Amino acid sequence: MKVLVAGGAGYIGSTVASACLDEGITPVVVDSLVTGRREFTDGRDFYEGDISDGALIDRVFSEHPDITTVVHCAALIVVPDSTADPIGYYEANVGKSLDFLRHLRRNGCDRLVFSSSASIYRSEDGSPVDEDAPLGPQSPYVRTKAHCEGMFADIAAAGQMRVLSLRYFNPIGADPKMRTGLQLKRPSHALGKMISCHQEGAAFPVTGTDYPTRDGSGIRDYVHVWDLAAAHVAAIRRFDTLLTEDTPATVINLGTGSGTTVRELCAAFDRVVDTPLATVDADPRPGDVAGAYTAGDRAERLLGWTPRFSLEEGIRSSLDWIPVRDDMLRD
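full-length UniProt numbering puts the first residue of the sequence shown at 1, with every later residue one more than the last.
It should be emphasised that the hints constitute simulated quantities derived from the structure, not laboratory data. All values reported here derive from a predicted model rather than from experimental measurement. Don't take each hint at face value.
What the hints assert, rightly or not - Straight-line distance between alpha carbons at most 30 Å, and here's what the computed BS3-like set of lysine-lysine pairs gives: (1) K2 <-> K177; (2) K96 <-> K185; (3) K193 <-> K177; (4) K2 <-> K96.
Build out the structure end to end from the sequences listed, making use of the hints.
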């Protein structure tokens with residue numbers, strides 16, 4: 001079996017490609033390298049270029065006519081950047097995705113696994129959400145994910161595509177074989193900031209301490225990136241069972257089903273490292289919400305998937321990746 005992984009040189013896409021290789025599925029990677037890394041394509045069939053480039057996509061299918069399914073991870077994902085440049089984000093994430101689907105259809109490929117985000121849920125109060133929970137995207141980036149889901153569902157309803165949208169919660173960790181991981185040296189998510197503060201001997205700011213959660217800090221659902229990759233493999237293998245003429249599009253949450261507050265994340269971090277992390281309470285950042293975590297059993301029921309890795313294992317994996325990343329990605 002062969003799959004096309006769009007954005008396969010990025011954090012999630014490259015890890016999905018690694019999991020495919022381990023499961024006997026051959027990944028073919030297309031990535032513009034705007035944020036992806038060439039180093040993450042070693043040992044894979046790789047095409048450098050944009051998903052909106054029809055000639056490139058035609059060449060990929062001409063040289064790999066046995067591609068059966070596409071995993072679409074190609075997107076810009078930085079929330080503040082999307083606020084500063086919404087036109088660029090809508091063009092990159094929505095406009096180019098529409099071009100991409102047109103190219104896929106022309107080449108006879110109607111199976112799409114879409115990398116979406118659980119950030120599209122309305123998550124002000126820290127409660128669990130299932131796939132039928134109300135949506136309320138809060139940034140241009142997240143709205144591009146919601147727009148793509150709606151666009152793909154319309155195309156699927158017209159009988160022109162079958163689409164499985166996987167709504168990720170908060171990925172952490174790295175490929176257990178340390179082939180790929182988060183490429184950023186100073187990531188902006190909570191665990192990344194904790195690691196930076198711990199390395200620098202600085203106090204980690206707990207931004208927001210009066211949310212309606214069990215300890216007042218924000219709550220998230222942290223899922224190991226290797227578990228996410230395993231879910232993609234399951235989606236590829238079960239695609240034709242899940243997506244039919246009667247159900248041409250559906251969505252599945254990918255999370256642990258267990259919310260972790262910021263204070264609980266700090267405590268888990270302390271259980272992994274040798275010296276405790278200093279913290280300081282701080283005001284919430286503009287636009288921050290209490291957060292949410294996944295509920296329901298759709299992923300287990302439809303994909304046969306449940307997460308294997310603990311929160312502490314995800315933290316340890318993220319820490320183990322740092323020296324590998326610094327050696328692999330020298331710029």
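Verification of the hints:
A C-alpha spacing of about 22 Å is found between K2 and K177, which places the hinted pair at or below 30 Å, so the restraint holds. As the CA atoms of K96 and K185 are separated by approximately 28 Å, the hinted pair is consistent with the 30 Å bound. Restraint check: the Cα-Cα separation between K193 and K177 comes to about 24 Å, which is no more than 30 Å; the hinted pair holds. With a C-alpha separation of about 23 Å, the suggested pair K2 and K96 falls inside the 30 Å cut-off, and the hint holds.
Comparing the model with each earlier hint shows no violations; every hint is respected.
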